[in-house]
Amino acid sequence: MSHNNFARVKDFLLGLYDDEQRMVAAVKTLRAAGFAIYDVYTPYAVHSLDGAMGLKRSRLGIVTFIAGLTGLILSLTFQFWTNVIDWHVNIGGKPDNSTLAFIPVSFEITILFGALTTVAAFFVRSRLFPKKETLVLDPAITDDRFVIALQKVDGSFNEKKAHGLLVASGAVHIAEKSVIT
Amino acid sequence: MAKKLFIVAMSLSVLGYLGYQLVGAARNVGVNQGYEPDQPIAYSHKIHAGDNQIPCLYCHTGADKGRHAGIPSANICMNCHVKIKTESPEIKKIKEALEQNKPIEWVKVHRLPDFAYFNHSQHVNSGVICQDCHGPIQTMTRVRQENPLTMGWCINCHRAKGIATPPEHPDVSRDLSKDTKPIGGLDCAKCHY
Amino acid sequence: MKQNSEIFSPKSKDLNLARFFVGVGLVALLVLFFKDSHRAWGNVLINNFYFLSLALAGLLFMAIQYVANAGWWTVLRRIPESMMSFLPIAAGLMFTLFLGMHELYHWSQLYNSMDNSVVYDAVLQKKSAYLNIPFFMLRMGVFLGVWIFFSKLFRKASLEEDQGSQSHSKFLKYSAIFLPIFAVTFSLASVDWIKSLEPHWFSTIFGLYTFSGLFLHGIAFMTLAVVLLKERGYLSFVNENHLHDLGKLVFAFSTFWAYIWFCQYMLIWYSNIPEETVYYVTRTDPEWSWLFVLNLVMNWLVPFLILMPRSSKRKAMVLKRVCLLLLVGHWLDLYLMVMPSISHVTQVRWIGVEEILISLGYGGLFALILMRSLSAAPLTPQKAPFLS
Amino acid sequence: MLRPALIDGNVTLKELTDDINRPLNTKPGVAWTIGFLVALAALLLGVSLVAYQIKVGIGTWGLNKTIGWAFDITNFVFWVGIGHAGTLISAILLLFRQKWRTSINRSAEAMTIFAVMCAAIFPLIHMGRPWLAFWVFPYPNTRGSLWVNFRSPLLWDVFAISTYFTVSLVFWYIGMIPDLATVRDRATGKIKKTIYGFLSLGWDGSHRTWSRYEALCLILAGLATPLVVSVHTIVSMDFATSVIPGWHTTIFPPYFVVGAVFSGFAMVTTLLVITRKVMHLEKYITIGHLEAIAKVILVTGSIVGLAYMTELFTAWYSGNYYEQFAFKNRIVGPYGWTYAIMVFCNVITPQFLWFKKMRTTPALLFVLSIIVNIGMWFERFVIIMTSLSRDFLPSSWSLYKPTFVEVGTFIGTFGLFFTCFLLFVRVLPVVAMWEVKSLVGHHKEEDSHES
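Protein chains in written order, with this note's numbering: chain W, 1 to 181; chain E, 182 to 374; chain C, 375 to 762; chain R, 763 to 1213.
Quick caveat, the hints were computed from the structure, so don't treat them as lab data. Do not take every clue at face value.
As the list claims (entries may be wrong) - Result set (PhoX-like, lysine-lysine): computed pairs, CA atoms no more than 25 Å apart in a straight line:
{"id": "1", "chain 1": "E", "residue 1": "Lys342", "chain 2": "W", "residue 2": "Lys131"}
{"id": "2", "chain 1": "W", "residue 1": "Lys28", "chain 2": "W", "residue 2": "Lys161"}
{"id": "3", "chain 1": "W", "residue 1": "Lys56", "chain 2": "C", "residue 2": "Lys622"}
{"id": "4", "chain 1": "E", "residue 1": "Lys371", "chain 2": "R", "residue 2": "Lys827"}
{"id": "5", "chain 1": "W", "residue 1": "Lys152", "chain 2": "W", "residue 2": "Lys177"}
{"id": "6", "chain 1": "W", "residue 1": "Lys132", "chain 2": "E", "residue 2": "Lys184"}
{"id": "7", "chain 1": "W", "residue 1": "Lys56", "chain 2": "C", "residue 2": "Lys547"}
{"id": "8", "chain 1": "W", "residue 1": "Lys94", "chain 2": "E", "residue 2": "Lys283"}
{"id": "9", "chain 1": "W", "residue 1": "Lys10", "chain 2": "E", "residue 2": "Lys185"}
{"id": "10", "chain 1": "R", "residue 1": "Lys955", "chain 2": "R", "residue 2": "Lys789"}
{"id": "11", "chain 1": "R", "residue 1": "Lys1039", "chain 2": "R", "residue 2": "Lys776"}
{"id": "12", "chain 1": "R", "residue 1": "Lys955", "chain 2": "W", "residue 2": "Lys177"}
{"id": "13", "chain 1": "R", "residue 1": "Lys952", "chain 2": "W", "residue 2": "Lys131"}
{"id": "14", "chain 1": "W", "residue 1": "Lys177", "chain 2": "W", "residue 2": "Lys161"}
{"id": "15", "chain 1": "R", "residue 1": "Lys1045", "chain 2": "R", "residue 2": "Lys776"}
{"id": "16", "chain 1": "E", "residue 1": "Lys246", "chain 2": "E", "residue 2": "Lys185"}
{"id": "17", "chain 1": "W", "residue 1": "Lys161", "chain 2": "W", "residue 2": "Lys132"}
{"id": "18", "chain 1": "R", "residue 1": "Lys1118", "chain 2": "C", "residue 2": "Lys547"}
{"id": "19", "chain 1": "E", "residue 1": "Lys276", "chain 2": "E", "residue 2": "Lys289"}
{"id": "20", "chain 1": "W", "residue 1": "Lys131", "chain 2": "R", "residue 2": "Lys955"}
{"id": "21", "chain 1": "R", "residue 1": "Lys817", "chain 2": "R", "residue 2": "Lys1163"}
{"id": "22", "chain 1": "E", "residue 1": "Lys246", "chain 2": "E", "residue 2": "Lys264"}
{"id": "23", "chain 1": "E", "residue 1": "Lys264", "chain 2": "E", "residue 2": "Lys289"}
{"id": "24", "chain 1": "W", "residue 1": "Lys131", "chain 2": "W", "residue 2": "Lys56"}
{"id": "25", "chain 1": "W", "residue 1": "Lys10", "chain 2": "W", "residue 2": "Lys94"}
{"id": "26", "chain 1": "W", "residue 1": "Lys132", "chain 2": "R", "residue 2": "Lys952"}
{"id": "27", "chain 1": "C", "residue 1": "Lys500", "chain 2": "C", "residue 2": "Lys526"}
{"id": "28", "chain 1": "R", "residue 1": "Lys1045", "chain 2": "C", "residue 2": "Lys622"}
{"id": "29", "chain 1": "W", "residue 1": "Lys10", "chain 2": "W", "residue 2": "Lys132"}
{"id": "30", "chain 1": "R", "residue 1": "Lys1039", "chain 2": "R", "residue 2": "Lys1090"}
{"id": "31", "chain 1": "R", "residue 1": "Lys952", "chain 2": "C", "residue 2": "Lys544"}
{"id": "32", "chain 1": "R", "residue 1": "Lys1039", "chain 2": "R", "residue 2": "Lys1119"}
{"id": "33", "chain 1": "C", "residue 1": "Lys547", "chain 2": "R", "residue 2": "Lys1057"}
{"id": "34", "chain 1": "R", "residue 1": "Lys1045", "chain 2": "W", "residue 2": "Lys132"}
{"id": "35", "chain 1": "E", "residue 1": "Lys184", "chain 2": "E", "residue 2": "Lys246"}
{"id": "36", "chain 1": "C", "residue 1": "Lys547", "chain 2": "R", "residue 2": "Lys954"}
{"id": "37", "chain 1": "W", "residue 1": "Lys132", "chain 2": "R", "residue 2": "Lys955"}
{"id": "38", "chain 1": "R", "residue 1": "Lys827", "chain 2": "C", "residue 2": "Lys544"}
{"id": "39", "chain 1": "C", "residue 1": "Lys544", "chain 2": "R", "residue 2": "Lys955"}
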């Protein structure tokens, strides 16, 4: 969660929806009315939410590129070092530095580094780890409910207005929840 | 937070230590350097080869003729020991073995890696002396494996000694050596076939 | 989406430029014929094959998209359609090779001089059942005839669709029949026209290699055409997402080409069998090696690195430059397939002015036909099912 | 509509969750139990035979000096090939935005992982001293350091297969996290809740995470696609880098890749026809899915046929005596019958898929997929056996027959495969719920360019 809030307790106003379109429309309305969307909880990836919530594109690709490149360079140099410098052996008359023959292994290592590092970066960035205390606000999220979460930030939060907008946009249920972080 | 960090650091170091141990164990599979087993008879190379200067080939008769150097048979011992130190309890063991026609169960010390062909005579006849591989055997009361006897150890010696070029194929080898005898090689098939 | 029935009308500036190139190319070709007829025929073969495969790529692209039941490309369909309209002319040009058989194909000389045994080559004797001039020309006629036949079928169905007839299932049927036929004919054609330049050499992947080049530069050309048309104010509804799709295809097939290239080169290098390495021994000798490396750089390394980030696949300017590079790169690829094989008779070691001018001439001719065909029907297919 | 619906009927998200979760919370049926027992029996046979081989050594195989590898490498290539369809479905079809993959990618990926496990067994036993298998990794050792030979295709195999296995496993798991959360939220019983809770890593359906998650899936797909191609490319190079006629042919890499996809899709068909029936998933794995798979089989089968023809033509065209002999020997030599089986199963059989009736009848598809599986096994056997048994030197020609131990081990791998698969369908969501939900949830047609 990108919000940096040192408060120990977070209060949320939740709007539950049973339809993707209505929920996306509600997000747009709320944002237009000046509310910051804390997050939206959905059973599947809703593409149009990226735009509606104003999320930036993920930069995981950069991680992949750097990790892959590292793997490529490491494996090429390692193969060169072992086969040419450290302990060369004449096998089948192939030249010690058979760069062409080093390509398959280098390719695999590139992919391996890229994939594993990206996954690790994803876990770290999304703070997913075993036994994490989940912010599961409602088990129906993993079934068929879409939940818009608005954090009640002290002072500036107009609860009445938010409540009204959620109802007007077709929320099937509205709830409040406090989470200790 | 500090507690979490501590746990992470601890588990990482335990993992690191285990990994180090594991690689160490993996490295040394099949390596018996320093192996010095008890033998059925307390035979001393120091007394025979060192103090009394008996040539190696006097007992190990196969070393310059065949693949194996050979453990001397009991009658070779008795060539001398019918006269010398006949009352020693160790010599009595030999006598006993001879009388009962039972082989002495020597414990093999030097084992080469599996799937490698090694021939003593090739080496002995190329001027490799026994101590090159077996270490200062003439000083050992009990035989100890001095060298690792790994492939790397073999090859490094072959590299150091160089490859003699067969006169009929002057382009075969990379290194030239003054010795005209073919004393080595670096192909896999030299030992593995 | 609203029906868009804009008609392409080429600017006279573009037309004149193309005509000028045709003239210059023709002169250059004539000059080269007097200077070095082997090299001239080599150029004819390179450019014939280059533009023939460009035209074929249009046909193939359509067929593949139809079998895959894809819809995104429908707005661009006129471009591959127009590309394939060059097929009859390409076929005509291909037939001129008959006059240059002896200058290009070593085996054809052998075939003629079999009786007085000027050259005796046991391997080529074995192959003469396949590699002989009448059969060669017959195959050429069959291949080209079949391709032209299908291109006409597609075009006809496409124009009928504009008038409102239900062509989709027809397209599907033609494509399903065309694809296996294409696979066989094109692999044999590349054996005939290119591989048999070095008649002792053989490589099973060769047909696939020429195919990967064909498809790559076909897509590159389509992308380039889209960008150029957009620059001239057409295809306004083609947006970044269409470009992104094309960019992804260019990226993917550039890598595919490199993969096939690597498979062929590496396997021949690894096994090191003389009758196979001969092909690469010529091409990696110092005189050619710089082109050999450049080929890989132009057709794969540079496009790969440039097109890797998502953003560059969505920029018309980037795509335009990469596709131009690929189109030149593919020419170089063909040059490397043809010229080193006949180098022992021509002493050509360098891409000269003649090569460039002749290729520009061919390009001009291709552009003229393309523009004529593009202007013959509305730039967007009318009433295509995926557009509704 | 030109495009058929991706799932049958109007399913709500809730029904979908319930349908897919049901097998995880109910007692298995009779069909499953019988299948599991049969698979387990085969697995036990395999395990005992592997133990026997490790104890006695691979002298228990029918190999000889000429034919240094046969049944084992055939099975290895066969199983690795099977795996390819899973990655293809989940990665390549994701990149191409083929939405029909969503119902079947989970099970296909599972198939990949189990197939690669089966494949890895054979080279492992063939090492002779499997307890020293770690010698294939480049670690500093006392043999030199004699580093592993990076110029050997066999070592490339090690890297390719282990990378492939790792990345497939990670990809599979990543794709399952949201569904594991769904299962966690519905699990009854403390143990189940703990396990699924542990595995789902605290997934809460946050869209900020979803957004990154989708990017991750695309990246992994982008990496897995070249990876899957590279794996069978490298497997093909086990043969293609040698100089034996019939092995050294440059078309091998792409031809092996296509053949792998072909056999993999056949195995997907075999599994799905049964799974959808036994697990009552006809609503989600529709005839439309089967037809799409059948089309892939038709295309790849035809390409494989083209590759056979290319090989034959080029062998003749080469004018090379040894090449020509190798292919003549394939067709009319002592193993000619295997060639006939191969051509019949791989080239002729798929051509029936030109008929819509054939593509849309599960029973017929099932039979056809079995035939293709057999054919693809024989393809590997033909390539390996015909070339190896008659090489350049007629005095070393030899024939080979598998022993009971080899055949039993092969059956054992089928036991392993099906045991794993049957357990999988009981303990993990067999259809990617979140992906199918995204199709159900979008009311409007989502063909616009959105990714």
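task: Mind listing which of the numbered hints don't hold for this structure, in increasing order?
output: 1, 7, 8, 16, 17, 22, 23, 24, 25, 27, 28, 30, 31, 34, 35, 36, 38 and 39
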